[in-house]
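*Asks:* The chain contents come next:
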Amino acid sequence: MKKAVPLIVAVLSALLVMVGIFFREDLGGWVSVVLNWAIVLSSVALLVVLARLLFMHIGYITMGRQGFIYSLVAVLAFLFTLIAGFLFGVENPTFLKWIAGIIRPLETALLGLVAIVMASLGIKFFYERGWNALTISFAISAMVFLILGLGFVQAIDFPPLQRVIQVIEGLPMIGARGLLIGVALGAILMGVRVLTGVERPYDD
Amino acid sequence: MPELSLNDWVAYALLVALFLIFIISYFIARARQKQGKAQAEAKTRLDAILHRSSERGEGIVIGLSEGDGARLGSLAGLTGLQTQAHVFRHSLISDVPPKAMAGEGSLALLSQQLNAGTYDGATMPELFRMDSSALAGVESYAYLAGLLPELSRPNLSALVIQGELNPELILALDSAKRQGLDTVVASSSLSGQAASYLGDPESALGEEAFLNQSTQPREKAGLDATLITLKIIRALIVVGLTVAVLLHFLGVLP
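In order, the protein sequence lines correspond to chains D and F.
If you number the first sequence the way the numbering used here does, the last residue is 204 and the count never jumps.
If you number the second sequence the way the numbering used here does, the last residue is 458 and the count never jumps.
I should point out that these hints are in silico values taken from the structure, not numbers from a laboratory.
Even glycine gets a Cβ: it sits at the ideal position worked out from N, Cα and C.
Hints may contain errors.
[To be verified] With a straight-line cut-off of 20 angstroms between C-alpha atoms, the simulated EDC-like cross-links for lysine to aspartate or glutamate are: (1) F:K238 x F:D428; (2) D:K97 x F:E343; (3) D:K3 x F:E423; (4) F:K247 x F:D428; (5) D:K3 x F:D324; (6) F:K303 x F:D335; (7) F:K238 x F:E412; (8) F:K247 x F:D404; (9) F:K381 x F:D404; (10) F:K247 x F:E423; (11) F:K303 x F:D386; (12) D:K124 x F:D386; (13) F:K381 x F:E406; (14) F:K424 x F:E412; (15) D:K97 x D:E107; (16) D:K124 x F:E354; (17) D:K124 x F:D404; (18) F:K247 x F:D386; (19) F:K381 x F:E354; (20) F:K303 x F:E262; (21) F:K381 x D:E128.
[Said to hold, decoys possible] Footprint (simulated), chain F over chain D, 3 or more residues, beta carbon under 8 angstroms: (22) 46 to 54; (23) 121 to 128; (24) 158 to 172; (25) 188 to 195.
Please work from the sequences and hints to get the whole structure.
*Replies:* Shown next, in the form of structure tokens:
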């Protein structure tokens, strides 16, 4: 019984939402109710997990665990944002400016780091694998799309060249579609596994 | 009921075929399991990592979905949970227990619930720790900020990431490699797959992102059935596309 109830709830909810897509006019109201429950539950879950995270960091500080200073920063930043949000409101322009002033430079720095790491991994790709069909085609495609990305070639007024560029620019889409079909099949099969109760990520 | 076009009918037919093939394959796989005819388990990278971490008494960090992809109902997130359960089942008495990092509240709670169930099922609930699963951050960079410090913990052997992940995960992957950790990456997003392929040539591509591992008979049969279904449906799609292209060139299809 302990295992059957979550399975029945999961399968029935999934079936209701799925049937609701086909019979939107008749079942649309019910589907909205179920989806609203899901949103409310998700929000409550976030609150619970945030509280848990906060207490975990407070625990690290009181225990004096190695690196507790980071926990102290996390807790102080959390409390500062929470109190400021309550006092000024989350739509307050000054509050938003403060938050953006902290988050944006950090995110931009991380984005820059991602670019550097990608470039270094691109070089490592050749170093580790040597010159073979895969690495050579990778190098050629990277060069071609870098040049195309600059936009100078597109500026040349020569219709046959424009046609070639159009074909080349469509190539990544062909590869992406192949992968997307695979991803879609995988997702559908995962859905079928959950729907039939073969896979129960909510239960062990 | 909305009016259906030819494309819709083809899609629904494919969906019904996929469902039927899966169900039939699943029952065949279960029957073979019961008769003891199931194939001997192939050793995967994850198995090798789990054995190594058990031998050395080292821990594993598991990354679940992050950012927008971790939203409630994300199938990739659910796949990651099953992989997490598999890792925890094999590391119940490990010196350094595994730790899962989720990028969304409900996913983190499900992850904790699953861990509690795993320890409870193994009749050792006293070993369950609440911090075995945690919320790393709800946005991509916040998630990274939560995940990266976990990778610098001592006595770790691997980073296992499965879910919907953005290309920023390359930072975590690079950090793990620099610290000598093994990596297993399966991202269901295309950009995540492209980035992870650069960092780890054995990372999952396409539908592989939704495959997980399990030693549980029901889930194992489900996985076998999934693989068979994928092979048949892929063949059907290839044949269908070829026929469609031929018909297009013959002028039958617009």
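*Asks:* Look at each hint and say if it fits the structure.
*Replies:* Against the structure, the hints come out as follows:
1. Straight-line distance between C-alpha atoms of K238 of chain F and D428 of chain F comes to about 14 angstroms, which keeps the hinted pair within the 20 angstroms bound.
2. With a CA separation close to 18 angstroms, the supplied pair K97 of chain D and E343 of chain F stays within the 20 angstroms bound.
3. Distance hint between K3 of chain D and E423 of chain F is fulfilled; the C-alpha atoms sit about 15 angstroms from each other, no more than 20 angstroms.
4. A threshold of 20 angstroms between alpha carbons decides the hint, and for K247 of chain F with D428 of chain F the separation of about 15 angstroms falls inside it, so the pair holds.
5. The straight-line distance between the Cα atoms of K3 of chain D and D324 of chain F is roughly 14 angstroms, inside the 20 angstroms bound, and the hint therefore holds.
6. For the given pair, K303 of chain F sits about 8 angstroms from D335 of chain F by alpha-carbon distance, which is consistent with the 20 angstroms threshold.
7. A C-alpha spacing of about 27 angstroms is found between K238 of chain F and E412 of chain F, which places the hinted pair above 20 angstroms, so the restraint is violated.
8. Restraint check for K247 of chain F and D404 of chain F: the C-alpha separation of about 19 angstroms stays at or below 20 angstroms, so the hint holds.
9. At roughly 9 angstroms between alpha-carbon atoms, K381 of chain F and D404 of chain F fall within 20 angstroms of each other, so this suggested pair holds.
10. The suggested pairing of K247 of chain F with E423 of chain F holds, with an alpha-carbon distance near 17 angstroms, which does not exceed 20 angstroms.
11. Our distance criterion of 20 angstroms between C-alpha atoms is met by K303 of chain F and D386 of chain F, whose separation comes to about 15 angstroms.
12. Of the supplied pair hints, the one linking K124 of chain D and D386 of chain F holds, its CA atoms being roughly 17 angstroms apart against a limit of 20 angstroms.
13. At most 20 angstroms may separate the alpha-carbon atoms for a hinted pair to count; K381 of chain F and E406 of chain F meet this at roughly 14 angstroms.
14. Our distance criterion of 20 angstroms between C-alpha atoms is met by K424 of chain F and E412 of chain F, whose separation comes to about 15 angstroms.
15. For the suggested pair K97 of chain D and E107 of chain D, the alpha carbons sit about 15 angstroms apart, so the restraint of at most 20 angstroms is met.
16. Between the alpha carbons of K124 of chain D and E354 of chain F the distance comes to roughly 25 angstroms, so the proposed pair goes past 20 angstroms and is violated.
17. Note on K124 of chain D and D404 of chain F: the hinted pairing holds, with a Cα-Cα distance of about 11 angstroms set against a maximum of 20 angstroms.
18. Restraint check for K247 of chain F and D386 of chain F: satisfied, since their Cα atoms lie roughly 16 angstroms apart, inside the 20 angstroms limit.
19. Restraint check for K381 of chain F and E354 of chain F: satisfied, since their Cα atoms lie roughly 14 angstroms apart, inside the 20 angstroms limit.
20. Taking the CA atoms of K303 of chain F and E262 of chain F, the gap is near 12 angstroms; set against the 20 angstroms cutoff, the hint holds.
21. Of the supplied pair hints, the one linking K381 of chain F and E128 of chain D holds, its CA atoms being roughly 14 angstroms apart against a limit of 20 angstroms.
22. Counting residues of the region 46 to 54 of chain D whose beta carbon lies closer than 8 angstroms to any beta carbon of chain F gives 7, which reaches the threshold of three, so the coverage claim holds.
23. Beta-carbon proximity to chain F at under 8 angstroms applies to 3 residues in the region 121 to 128 of chain D; the threshold of 3 is reached and the given coverage holds.
24. Figure legend: the region 158 to 172 of chain D, annotated as covered by chain F; annotation inconsistent (0 residues with Cβ-Cβ distances under 8 angstroms, at least 3 required).
25. Counting residues of the region 188 to 195 of chain D whose CB lies closer than 8 angstroms to any CB of chain F gives 7, so the stated coverage by that chain holds, three being the minimum.
When held up to the earlier numbered hints, the structure conflicts with 7, 16 and 24 and fits the remainder.
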